[in-house]
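Participant: Sequence:
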Amino acid sequence: MTAATAVGLAVAWPLIAVALIVVFQRWPNLREAGTLLTGGSLFAIVAGVILPEVEAGGRPGMVLCEVVPGLRLAFEVEPLGMIFGLVASGLWIVTSFYSIGYMRGHHEKNQTRFYICFAIAISGALGVAFAANVFTLFVFYELITLSTFPLVTHSGTEEARNAGRMYLGILMGTSIAFLLLAMVWTWLATGTTDFTPGGILAGKVDGPQLMILLALYAFGTGKAALMPFHRWLPAAMVAPTPVSALLHAVAVVKAGVFTILKVVVYVFGIDLLATTGAGRWLTWVAAFTIIAASCVALGKDNLKARLAYSTISQLSYIVLGAALATSAGVIGGGMHIVMHAFGKITLFFCAGAIMVGAHKTEVSELDGLGRRMPFTFGAFLLGSLSVIGLPPMGGSWSKWFLMLSAAEAHQWVMMVVLMVSSLLSIGYLMPVVVRGFFRPAPADAHDDRHSATGIHEAPLLCVLPPVVTAVGGIVLFFYAGDIWSLLSGVVP
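So in the numbering used here, spot 192 of the sequence shown is number 178, and the numbers just go up one at a time.
Possibly wrong hints are sitting among the right ones.
Capping the alpha-carbon separation at 30 Å, the derived lysine-lysine pairs in BS3-like fashion look like this [to be verified]:
id, residue 1, residue 2
1, K286, K346
2, K95, K286
3, K346, K190
Simulated restraints on C-beta separations [what the hints assert, rightly or not]:
id, residue 1, residue 2, range
4, M416, R217, 22 to 32 Å
5, M416, A260, 28 to 38 Å
6, L132, V8, 12 to 22 Å
7, R425, L284, 16 to 26 Å
8, H396, L132, 27 to 37 Å
Treat the hints as calculated values from the structure; they're not laboratory data. Treat the numbers as computed from the prediction; the structure is a model and nothing was measured. Glycine included, each C-beta is placed from N, C-alpha and C at the ideal position.
With the sequences and hints as input, model every part of the structure.
Facilitator: Here it is as structure tokens:
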């Protein structure tokens, strides 16, 4: 199999899982085995066939069709897309294992629909990752939105339906009103929407128009959750925890910040933004989102809501890296896509394990629970250290490069923002660990299973995935050089 063929196959491969899920919907074990086998083989295609070609300097791809002259539906894999493709395909496997434990342990309904929509969303994520131009990216970006809407409204409650309306309204509204307009403007100005090293806008768009076009891309990518277009993300936490993991780590929000990073590098070009200063305003929007979302997270007692606002803050690290328009910023942003994915998926897995195993959702209810769920809370500690940015977790490297980027751009205020954000991360994440391990269990606890001594974890498939991803965060610390080597091919 050639790498070019593998690119198209990888995007279509999750649809095989859809077919298997439909065929075996009456037999849950076979249905979920089909999901796992498809996920494992997909990662083998991405990592085993496409990655070596990209590492060797190749850009494998294929053209599906030409919609109108100059506007193609096409794929081409470059290092940024390769990174996102590895994250999406790799974490689909571990999330599938977790979903089995959670969906069964929590006795969720409509599990077949859940797995179908999940697989379609992964196909959309890979389409975004491997898109050769803005037009292809836009098509698969919308596919992600539409396929995840049923997941957000999965429970069917009034709260879930309201959250779904907000989710669809903000994401579709911003993409149609802003992102589509930005794409059309780019095409009219340059005659193409192809992602090109160094960008395509130099000499074609300048002055205030350049800032306006960047604003259309930044705010049109609602999945990046820049304030004020962020409210869909906390609202979507009404969905089952595996969906939260999908939203925050595997597909949705990563597709958003990946889009902004890729557009900055391959449509605008970091040299154009650096020389014109057209992205300076975006650094301030990102900085405000980083600090404001962190402050909101401090006041949230619901664990998933706290983690949701943490995600809003951490996503803007990647936007900040892009807006700083330096090589270190692009590398740091690309690294953060990986590091945050592993750290945040660990935290959401742990939140779900706590819900399934102890039926607790509020931070104030977690006193003493860590001694009864040591693997879950131990994984939460490691995931927290990665999000905070402390060694030996992978998150420390992405934050290092982002800090270096701010220094190179002489943006001292942004260095302070990054440091303050890490301190705020300690403030909203470590109380969960402290309560779990160091606070005594409530004296009036009546649940014998959870008030008695001994270990009482959630089912194995709810506990093993966060342990695996937490350990993955440590592994990333020692293998960050491989990620840097791959991303160094994006910028000079």
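Participant: Keeping to a limit of 30 Å between CA atoms, is the pair of K346 and K190 held or broken?
Facilitator: violated, 56 Å
Participant: Does the beta carbon distance between R425 and L284 stay inside 16 to 26 Å, or does it fall outside?
Facilitator: holds, 18 Å
Participant: Evaluate the given range 12 to 22 Å for the C-beta pair formed by L132 and V8.
Facilitator: holds, 18 Å
Participant: Regarding H396 and L132, is the given constraint of 27 to 37 Å on their beta-carbon distance met?
Facilitator: With Cβ atoms ~43 Å apart, the hint is violated.
Participant: Do the Cβ positions of M416 and R217 conform to the proposed distance bound of 22 to 32 Å?
Facilitator: holds, 26 Å
Participant: Regarding the pair K95 and K286, is the alpha-carbon distance no greater than 30 Å?
Facilitator: The given pair, whose Cα atoms are some 28 Å apart, holds under the 30 Å limit.
Participant: With 28 to 38 Å as the target window, see if M416 and A260 comply at their CB atoms.
Facilitator: Since the Cβ atoms of M416 and A260 sit about 37 Å apart, the hinted range of 28 to 38 Å holds.
Participant: Do the alpha carbons of K286 and K346 lie within 30 Å of each other, as the hint requires?
Facilitator: Holds. K286 to K346 sits at ~15 Å (cutoff 30 Å).
Figure legend: structure checked against the earlier numbered hints; hints not met, in rising order: 3, 8.
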